[in-house]
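**Student:** Taking this note's numbering, the leading residue of the sequence shown gets 2, the next gets one more, and so forth.
Hints listed in this document are in silico derivations from the structure and should not be mistaken for laboratory results. There's no promise every hint is true.
Said to hold, decoys possible - Distance condition first, Cα-Cα at most 20 Å in a straight line; then the derived SDA-like pairs of lysine to any residue:
hint, residue 1, residue 2
1, K44, L271
2, K236, D182
3, K44, Y283
4, K67, R203
5, K44, Y282
6, K256, I38
7, K44, Q33
8, K223, P174
9, K194, V108
10, K44, G13
11, K44, H32
12, K253, A274
13, K194, S212
14, K44, D75
15, K194, R7
16, K223, H242
17, K127, R104
18, K194, K256
19, K194, D75
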Amino acid sequence: MRDVERARAANGSRVVVLGDSFAEGWGVEDHQRMTNILETRTKIPHLNFGTAGNFGTTQAYILYEKLASRFDHDAVIWMILPANDFADDTPTASRLEEGARWRPYLVRNNKSDTYDVVYPAGGFEKATRWAIFRRNISLEFWMTARAYYYYRGLFDWLSHESEVTRTPSTKTPSNYFDFNDEQFGRLAFAARKIRQAAGDRRIMVVTIPRSADIMRSNEEGKLSPLNRRITQLSKELVFDHIDLLASIRRDKWDKYYIPCDGHWTYQGNLFAANHLYQTQYYNSVRSGVKK
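Please model the entire structure based on the sequences and the hints provided.
**Tutor:** Printed below as a string of structure tokens:
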């Protein structure tokens, strides 16, 4: 992980952080990341397990269950990026075929009314051998290969999405508003698995908006359906939900995003750290009594 060396055992408090490139700190120096800012303020180690590169909610729960939970900690921050987490977790045919990138997907099991963790066909070794050619050779040296895999993946995803009911909209696309039940079902399943693995530890789920989400929220002038559904889920599973969209849309938010790719600037990381610092967990840290 992009972090300092951490021992599994610890005498004091520690926080485990899950998420994608926003958690990892893409585009900023280590000391400018949200987790480093919080660690400096609180003197509590924040173990950053953020992973860039098509990393969704399914991978976050498996990473926590299999690895991060082995490290002593008393709280979990789970950062969700609706802009791409739903798409990253979609188990399309090309993503599950033999030789596809080796990563897990949640596939609904209609018999048991739950989800199964499914990996691409053919096993890890075949996927790895194919990746040597596809990723290290073809995609690095041939733009034709890049275009082929991009449009094939896009077509596959759109074909899958067409099978799911989605309300048409002429407004700015945003997965805070445009997600469907199947997508949220996978997110909710991952949340239940993280809660199960975390036991009685405090969990803080942070939903992160991008610029399109802010524009759509201003067009709608109301809380998003995603906010309502995660808030409802938080009551069922007993976790804190920090939605940064409601606060950021009232601010001068351009400064929070890197213009060339939309990740957080230092100011964006600082904005998020300031909001988490006001939560009940960090209030109890400052008072010396954690609940």
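**Student:** Hints first: check each against the structure and report whether it holds.
**Tutor:** Structure-based check of each hint:
1. Restraint check: the Cα-Cα separation between K44 and L271 comes to about 16 Å, which is no more than 20 Å; the hinted pair holds.
2. For the hint pairing K236 with D182, the CA-to-CA distance comes to about 19 Å; that is within 20 Å, so the pair holds.
3. Using a Cα cut-off of 20 Å, the hinted pair K44 and Y283 holds, with the two alpha carbons roughly 11 Å apart.
4. Taking the CA atoms of K67 and R203, the gap is about 19 Å. The hint holds against a cut of 20 Å.
5. With a C-alpha separation of about 14 Å, the suggested pairing of K44 with Y282 holds against the 20 Å cut-off.
6. Only pairs whose Cα atoms come within 20 Å are accepted, and K256 paired with I38 is accepted, the gap being roughly 18 Å.
7. Taken as a hint, the K44 and Q33 pair is honoured in the structure, with Cα atoms around 16 Å apart against an allowance of 20 Å.
8. For the hint linking K223 to P174, the alpha-carbon distance of about 15 Å falls within 20 Å, and the restraint holds.
9. A hinted pair counts as satisfied when its Cα atoms are at most 20 Å apart, and K194 with V108 qualifies at roughly 15 Å.
10. Only pairs whose Cα atoms come within 20 Å are accepted, and K44 paired with G13 is accepted, the gap being roughly 10 Å.
11. As the CA atoms of K44 and H32 are separated by approximately 14 Å, the hinted pair is consistent with the 20 Å bound.
12. Annotation: proposed proximity of K253 to A274 holds, straight-line Cα distance about 17 Å (limit 20 Å).
13. At most 20 Å may separate the alpha-carbon atoms for a hinted pair to count; K194 and S212 exceed this at roughly 30 Å.
14. For the hint linking K44 to D75, the alpha-carbon distance of about 14 Å falls within 20 Å, and the restraint holds.
15. Between the alpha carbons of K194 and R7 the distance comes to roughly 24 Å, so the proposed pair goes past 20 Å and is violated.
16. Simply put, K223 and H242 have alpha-carbon atoms about 17 Å apart, close enough for the 20 Å limit, and the pair holds.
17. A C-alpha spacing of about 13 Å is found between K127 and R104, which places the hinted pair at or below 20 Å, so the restraint holds.
18. Distance check on the hinted pair: K194 and K256 sit about 36 Å apart at the alpha-carbon level, beyond 20 Å; violated.
19. Proposed proximity of K194 and D75 is supported: the alpha carbons are some 17 Å apart, at most 20 Å.
Of the numbered hints given earlier, the model fails hints 13, 15, 18; all others are met.
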